[in-house]
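There are 2 protein chains.
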Amino acid sequence: MINLNKNKGDGHQPLYEQIYNQIKLDIINGYLSPNERILGTRTLARMLDVSRNTVDRAYLQLTLEGYIESRKNAGFYVLELPKVFYTERKQILFDKRKIDEELLNRENIIYDLTNSSHTSNLFPKKEWKRHYIAALDQLELAEKLSSLQLFQGDIALRKEISRYLERIRGVVCHPRQIIITSGLQQSLDYLCQFLGKSKNVLMEEPSYPKAREIFVKNSWNISTEKVDNKGLDICNFSNEINIDMIYTTPSHQFPLGMIMPISRRQKLLEFAEQNDSFIIEDDYDSELRYYEKPVPALKSIDYPDRVIYLGTFSKILSPSFRMSYIVLPEQFTEDFLERFKMHNSTVNLINQIALANVLSSGDYDRLVRKMNHIFKKRYEAFQNGFDSFKVPIKVSHNVSGQYFLVNFPTKINQYEMIKRALDVGVKVYDTMQFWQEEAECPHEHLFLGFSKIELENIPDCIERLKKAWDIIEIEKS
Amino acid sequence: MINLNKNKGDGHQPLYEQIYNQIKLDIINGYLSPNERILGTRTLARMLDVSRNTVDRAYLQLTLEGYIESRKNAGFYVLELPKVFYTERKQILFDKRKIDEELLNRENIIYDLTNSSHTSNLFPKKEWKRHYIAALDQLELAEKLSSLQLFQGDIALRKEISRYLERIRGVVCHPRQIIITSGLQQSLDYLCQFLGKSKNVLMEEPSYPKAREIFVKNSWNISTEKVDNKGLDICNFSNEINIDMIYTTPSHQFPLGMIMPISRRQKLLEFAEQNDSFIIEDDYDSELRYYEKPVPALKSIDYPDRVIYLGTFSKILSPSFRMSYIVLPEQFTEDFLERFKMHNSTVNLINQIALANVLSSGDYDRLVRKMNHIFKKRYEAFQNGFDSFKVPIKVSHNVSGQYFLVNFPTKINQYEMIKRALDVGVKVYDTMQFWQEEAECPHEHLFLGFSKIELENIPDCIERLKKAWDIIEIEKS
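Here the protein sequences line up with chains A and B, keeping their order. The letter at position 92 of the first sequence is residue 92 when you use the numbering used here, and the numbering goes up by one with no holes. The letter at position 209 of the second sequence is residue 209 when you use the numbering used here, and the numbering goes up by one with no holes.
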């Protein structure tokens, strides 16, 4: 029996849908049996006092979905459904009450000294809005936007990046060597996939754990070489296995902060050439040098064509921006593009065009200068603040970017110090996370970022840390 | 000898940079030898008639980069560089003259009957611009934007997707089960990585080659099962190996276009439950059904919690938009999130918030209706046009989405027909590309998309195809 609600109020279901739903439920619940003939459309339409079209539409939908079938000159029949349909839904393992992660992890943090978030005033909203709207209104965009784009990303952005790299990083490359990606991890993932499975990568110790994650994911074997105060020295590396790839941060070692000198850079290139290895230069924040001019990239002296350069826009625009790029060595650019020709780009096109506009307008250079200015002041506020501690805490030198290490004069329990800071509302970070061999990690360090704290809050933050950490001085005496 | 250009005209290099560059070149070129003492900063400043600060800055940069070092109370000395520095750059394999791909492939195409691009008027520029600007101005965005976001994507968008899926596709899921991705291939890639290496996937024959590419990339073994006129029938599948995953397009088989009836859907779920397999439901265009209402998703009856649902925004917004999503089964949602907790999202946050606004405002539903209206008219224009051919060419029925197959009454050479069409300026596509076993591919088909051709151009396009293809009628007679 079909009951129709013919009121056209809120939530009113179209008549054909009501008919469709009720017959469907009758079939599922077994009130209509397999091979049973159901009422003809003319008859049902008359019974329900609706147009025949309405019933036709309901029957068509039921036919399409396989609940009934039309038999030639004989009307509509119910089809057989597998018994399994009545099986009870299995116990739900997923806890629906579980709150989304966004709402969890809300510790009582007043200042988060992370390096992976920014204070909200740093995003260049005005500039971005202007260039984004300009991009939307660009005539040629309409055509591009409606097409599936090239895997390597838009040519306008790749051209601007190549100009930028030549100007700022000393890197000369053709736009064809550039691949636009959605972040460092994706860049690394493409490279691992291109170079093959179970290869051997050499990482600096310590290094960036999110890079390590991608090597692990691709089943690469990881060797490590401890850095000294000049970064990685490839001459110290003596491993029997052949190294296919070296992952390094020559212009600002992550997380220790030193610059690799020119002689070591040359030895690294020599090693790569002799051992048929490639070097991944992760140049994650080298525009951010606020005392000197940026150190030229390793890629700028890459005579053996062995360096894969990775850049990002996260540090200047925003961490949630998700735009990065790879500069490929010339020697495998064509093979790389061929390898991924069946892959779609993962980067939104309008963003690429807008970013190209940001670069070509000179706004990007202005943003870099602004960021350097802001970060310099924040860094100096921290440095001055730590000078006033009873405990002689030293802030790591050679600072650039958005973080530094604090060096305690004595062995500390990192987790204990982190907990103490958290008790006064300040979140600081351990350095263990950066070591492959945790036992190798010096205990005197903590990792502090200053991208998410406003200049005017730094004195208060320092006061809190002072309260939290001066205790070790008392304990010592 | 250092020559300074002190004119402050265009392209003027700062003085310290000129000093830095000239000393650096002298070291590289061997005019200054290792361990040679260079002029003191005071002396050089006097000689060049510049401030001592300027020289200090140049020397600091040279020191930082490892060209010189300061020795205690003894001034600055040139450091030794490895000999390899003078090696000639290897022959450049990369052909700089090679034009970017964008400029290549410009065949003489008047109408491109692809399904992966749109006519440029289809992008809802006005609506997108409004919601994008609103997103930028949303107060809470500033905070989110400056933080590294969650791997799974923003909660606002995930909530809107879960509402949309319930309303339009009958899928009930928690926002926690949703992962925002940059496209179908990335969705598949995450899933392959989560489920492990060298698993066995069953694909429909024919199927989507860009999906196949991801399985191949992850070293998965691919089995195929030929679809019949009701899509995949899992009961026909008899393979000795255990199937871990089934990739299917139940609501609109790609590329043949049929709908899998309810009885086969149930059998598929039963199979997955009994064999401990998962089903990937690629629901790529099921909103686009312009004669009937959309068929409910397989996921909507997923009682054994075995279906991984994949959706995309490419078909309604634009192919270059790069936003898609996964709905995970409840049973492995937590493990999946744990597995990727060290991974960053690849999707730009502002776009996510703007898209959430498009969905919540009702504009998305309006866009779907608009697209259905436009595509319906285009499809009917093609259907009517083909009816006028001498050769009885049939357009595949059950049409929805943005493409159809044309069925010739006789065996054709696909490449020959494509070439003939191209000769009159129309690009059509073969169906071989969709078959794993090319020999299995029927020869009577061609693949035509109508997302990139305007309604008013369809009659002219048909006339051209008529000219190109009517020949086979003549050849037959």
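Worth flagging that the hints you see were computed from the coordinates, not collected in a lab. Hints are not guaranteed to be accurate.
Identical copies carry no separate label here, and so any pair may be met within one copy or between two of them.
As the list claims (entries may be wrong) - Listed next, the in silico DSBU-like pairs over lysine-lysine satisfying Cα-Cα at most 35 Å (straight line): (1) K411 to K467; (2) K419 to K210; (3) K24 to K159; (4) K126 to K226; (5) K427 to K376; (6) K427 to K197; (7) K411 to K376; (8) K199 to K376; (9) K217 to K197; (10) K377 to K293; (11) K377 to K390; (12) K411 to K125.
Hints versus structure:
In this homomeric assembly, K411 and K467 come within 35 Å of each other (Cα to Cα) only inside a single copy, at 19 Å, whereas the closest approach across copies is 85 Å. For a Cα distance limit of 35 Å, the shortest separation of K419 from K210 inside one copy, 24 Å, qualifies, whereas the shortest one across copies, 49 Å, does not. In this assembly of identical chains, the alpha carbons of K24 and K159 lie at most 35 Å apart only when taken from different copies (29 Å versus 58 Å within one copy). In this assembly of identical chains, the alpha carbons of K126 and K226 never lie at most 35 Å apart, being 44 Å within a copy and 55 Å across copies at closest.
Proximity of K427 and K376 under a CA criterion of 35 Å is satisfied intra-copy only: 21 Å inside one chain copy versus 57 Å between copies. Taking identical chains as interchangeable, the C-alpha atoms of K427 and K197 are never at most 35 Å apart, the minima being 38 Å within one chain and 38 Å between chains. With identical chains, the CA atoms of K411 and K376 are at most 35 Å apart within one copy only, with a shortest distance of 29 Å there and 73 Å across copies. With identical chains, the CA atoms of K199 and K376 are never at most 35 Å apart, being 40 Å at best within one copy and 52 Å at best between copies.
For the identical chains of this complex, K217 and K197 are neighbours both inside a copy (10 Å) and across copies (10 Å), given an alpha-carbon limit of 35 Å. In the homo-oligomer, the alpha carbons of K377 and K293 lie at most 35 Å apart inside one protomer (17 Å), although the nearest pairing across protomers, at 61 Å, exceeds that limit. For the identical chains of this complex, K377 and K390 are intra-copy neighbours only, at 23 Å inside a copy versus 79 Å across copies, given an alpha-carbon limit of 35 Å. When the C-alpha separation of K411 and K125 is checked against a cutoff of 35 Å, the pair qualifies neither within a copy, at 44 Å, nor between copies, at 59 Å.
In summary, the structure is inconsistent with hints 4, 6, 8, 12 from the numbered list given earlier, while agreeing with the others.
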